[in-house]
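Student: Residues per chain are reported as follows:
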Amino acid sequence: MKSKATTYVFLAAAIALYCLAKAAAVAVSAQPAPAARDIKIDNFTFGPAELTVPVGTTVMWANRDDIPHTVVSTDKAFKSKVLDTDEKFSFTFSTPGTFPYFCSIHPKMTGKVVVQK
Amino acid sequence: MSEHENNELRPEDNADGVDRRGFLKCMAWAGTGAFFQMEGGVLKSYSLSRMPRLERPSAGGLSFVQISDSHMGFNKAANPDVVSTLKAAIDKINALPARPEFMLHTGDISHLSKPEEFDTVDQILKSAGPKDVFFVPGEHDVLDDDGRQYLERYGKGTRGGGWYSFDAKGAHFIGLVNVLNLKAGGLGTLGAEQLAWLQDDVKHLKHSTPIVVFAHIPLWSVYPQWGWGTEDSAQALAALKKFGSVSVLNGHIHQTMQKVEGRVTFHTAASTAFPQPQPGTADSPGPMKVPADRLKAVLGITDVTYVRGTHSLAIVDSSLA
Chain A
1 MKSKATTYVF LAAAIALYCL AKAAAVAVSA QPAPAARDIK IDNFTFGPAE
51 LTVPVGTTVM WANRDDIPHT VVSTDKAFKS KVLDTDEKFS FTFSTPGTFP
101 YFCSIHPKMT GKVVVQK
Chain B
118 MSEHENNELR PEDNADGVDR RGFLKCMAWA GTGAFFQMEG GVLKSYSLSR
168 MPRLERPSAG GLSFVQISDS HMGFNKAANP DVVSTLKAAI DKINALPARP
218 EFMLHTGDIS HLSKPEEFDT VDQILKSAGP KDVFFVPGEH DVLDDDGRQY
268 LERYGKGTRG GGWYSFDAKG AHFIGLVNVL NLKAGGLGTL GAEQLAWLQD
318 DVKHLKHSTP IVVFAHIPLW SVYPQWGWGT EDSAQALAAL KKFGSVSVLN
368 GHIHQTMQKV EGRVTFHTAA STAFPQPQPG TADSPGPMKV PADRLKAVLG
418 ITDVTYVRGT HSLAIVDSSL A
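Sequences listed follow chains A and B, in order. According to my numbering, the first sequence holds residues 1 to 117 in order. According to my numbering, the second sequence holds residues 118 to 438 in order.
Just so you know, these hints were derived from the structure itself, not from any lab. Treat the hints with care, since some could be wrong.
As the list claims (entries may be wrong) - Taking beta-carbon pairs under 8 Å as the criterion, some of the chain B residues facing chain A (in silico):
no. : residue
1   : K193
2   : P197
3   : G272
Said to hold, decoys possible - In silico DSS-like links for lysine-lysine, alpha-carbon gap of 25 Å or less:
no. : chain 1 : residue 1 : chain 2 : residue 2
4   : A       : K76       : B       : K300
5   : B       : K323      : A       : K108
6   : B       : K406      : A       : K108
7   : A       : K88       : B       : K376
8   : A       : K108      : A       : K40
9   : B       : K376      : A       : K40
10  : A       : K81       : A       : K117
11  : A       : K88       : B       : K231
12  : B       : K300      : A       : K79
13  : A       : K40       : B       : K300
14  : B       : K231      : A       : K79
15  : A       : K108      : B       : K193
As the structure is a computational prediction, the values presented were derived from the model and not from experiment. Positions of the beta carbon are idealized from the N, C-alpha and C atoms, including for glycine.
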């Protein structure tokens with residue numbers, strides 16, 4: 001008997017915690033908290049090559065290649081310094097629009113960030 | 118006027134303006150001393166570690182070497198010691214039976230355009246027999262500053278982004294820059310200003326003048342999918358159409374390749390730092406890791422000999438092994 005009661009208490013506590021957590025999650029996502037998104041540079045490719053994000057998102061590019069690369073906006077909205085292996089570059093998109101970019105050292109490498117309201 | 122100086126197409130010419138006899142003749146002077154294999158219509162010369170020595174040029178002849186892609190500062194698995202392999206290249210040059218007149222360095226001197234990387238290369242090159250080195254920049258030499266540092270170091274007396282020409286024993290050498298202002302999705306670029314300069318530079322030269330063009334990125338379409346080509350190279354070659362002998366020496370692709378197109382021989386040199394894969398044989402053109410005991414076999418120098426009056430220009434690749 002005793003052990004069964006304990007189980008019920010635990011269950012109730014678990015359900016309560018679950019509900020609390022869910023409420024908290026809803027509360028968080030309702031706020032315009034800017035998320036961070038990653039783009040990997042691997043094998044002379046931006047991955048993903050096309051990324052759609054809400055306004056306010058910070059995008060971070062990380063170079064995983066043995067060769068340096070750059071991240072340069074075609075419309076001059078942003079421009080990284082040269083990124084050696086494992087170096088990173090971040091940019092926060094504060095206006096909506098489509099932002100094509102490329103590696104100015106290896107211009108065949110292209111990508112695009114689509115920023116939505 | 119020799120056959121090479123006649124620019125007119127004859128009916129028996131094929132689409133590329135070269136008849137079979139002309140092609141074989143050009144092949145003969147292009148191929149002296151090197152091992153060739155035709156693959157997919159592309160003539161390739163392979164590094165030969167123990168090739169028979171060429172006869173040295175007679176008086177009035179010209180001999181020079183090309184080195185490329187030192188990538189000083191690179192320290193990844195494909196070659197953690199690019200200092201040693203550059204030194205090995207210089208030892209190879211110093212061991213040639215006759216001292217070459219000068220050296221060409223076809224770019225990517227440094228890996229990250231850092232001052233200390235350029236300093237290290239300059240220091241190592243001082244131990245080379247040939248004292249004059251003619252440079253053109255690679256894309257790794259013009260990072261972050263549009264080539265300002267490169268121009269300060271190597272660009273004295275050059276035009277624009279660092280292009281120039283000079284004469285040596287009757288041959289006309291042209292150093293071109295195709296690594297600046299690259300456009301998204303594109304290849305190497307020469308640009309209108311440089312092309313106009315080139316037209317003007319060769320205007321007064323005789324058709325029989327041997328022309329040697331050197332630039333970092335290949336001036337022929339080696340493999341555009343990997344960016345191995347130059348957008349406006351056709352315009353540069355059109356400016357050189359009147360000449361009977363044009364040799365184009367490039368780097369960038371870290372392997373030797375050769376192609377003959379009419380009166381033009383295209384050649385790419387090996388790197389002194391690390392090899393890159395053959396076109397399309399890997400996911401990307403990144404550094405290729407080979408077993409340590411194989412590395413020197415895939416790095417190298419290019420030895421070029423020109424005998425005045427015979428239109429012959431012999432290009433021989435030699436590995437560091």
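Student: Hint by hint, say whether it matches the structure.
Tutor: So, going through the hints one by one against the coordinates:
Look at B:K193: its Cβ gets to within about 4 Å of chain A, closer than 8 Å, so that hint holds up. Here the hint on B:P197 is broken, as its CB sits about 11 Å from the closest CB of chain A, past 8 Å. A hinted interface residue such as B:G272 counts as satisfied when its beta carbon comes closer than 8 Å to some beta carbon of chain A; here the least separation is about 20 Å, so the hint is violated. Between A:K76 and B:K300, the direct Cα distance comes to roughly 12 Å. Compliance with the 25 Å bound is thereby established for this hinted pair.
Under the criterion of a C-alpha separation no larger than 25 Å, the hint pairing B:K323 with A:K108 is inconsistent with the structure, at around 39 Å. For the suggested pair B:K406 and A:K108, the alpha carbons sit about 23 Å apart, so the restraint of at most 25 Å is met. At most 25 Å may separate the alpha-carbon atoms for a hinted pair to count; A:K88 and B:K376 exceed this at roughly 40 Å. Simply put, A:K108 and A:K40 have alpha-carbon atoms about 16 Å apart, close enough for the 25 Å limit, and the pair holds.
For the proposed pair B:K376 and A:K40, the alpha carbon gap of about 37 Å is over 25 Å, so the pair is violated. At most 25 Å may separate the alpha-carbon atoms for a hinted pair to count; A:K81 and A:K117 exceed this at roughly 28 Å. Taken as a hint, the A:K88 and B:K231 pair is honoured in the structure, with Cα atoms around 19 Å apart against an allowance of 25 Å. This hinted pair checks out: B:K300 and A:K79 have alpha carbons roughly 14 Å apart, not beyond 25 Å.
Proximity of A:K40 to B:K300 is assessed by CA-CA distance (about 21 Å); at most 25 Å being required, the pair is judged to hold. Simply put, B:K231 and A:K79 have alpha-carbon atoms about 19 Å apart, close enough for the 25 Å limit, and the pair holds. The hinted pair formed by A:K108 and B:K193 meets the criterion: a straight-line CA distance of about 23 Å does not exceed 25 Å.
Going through the hint list in order, the structure does not satisfy hints 2, 3, 5, 7, 9 and 10.
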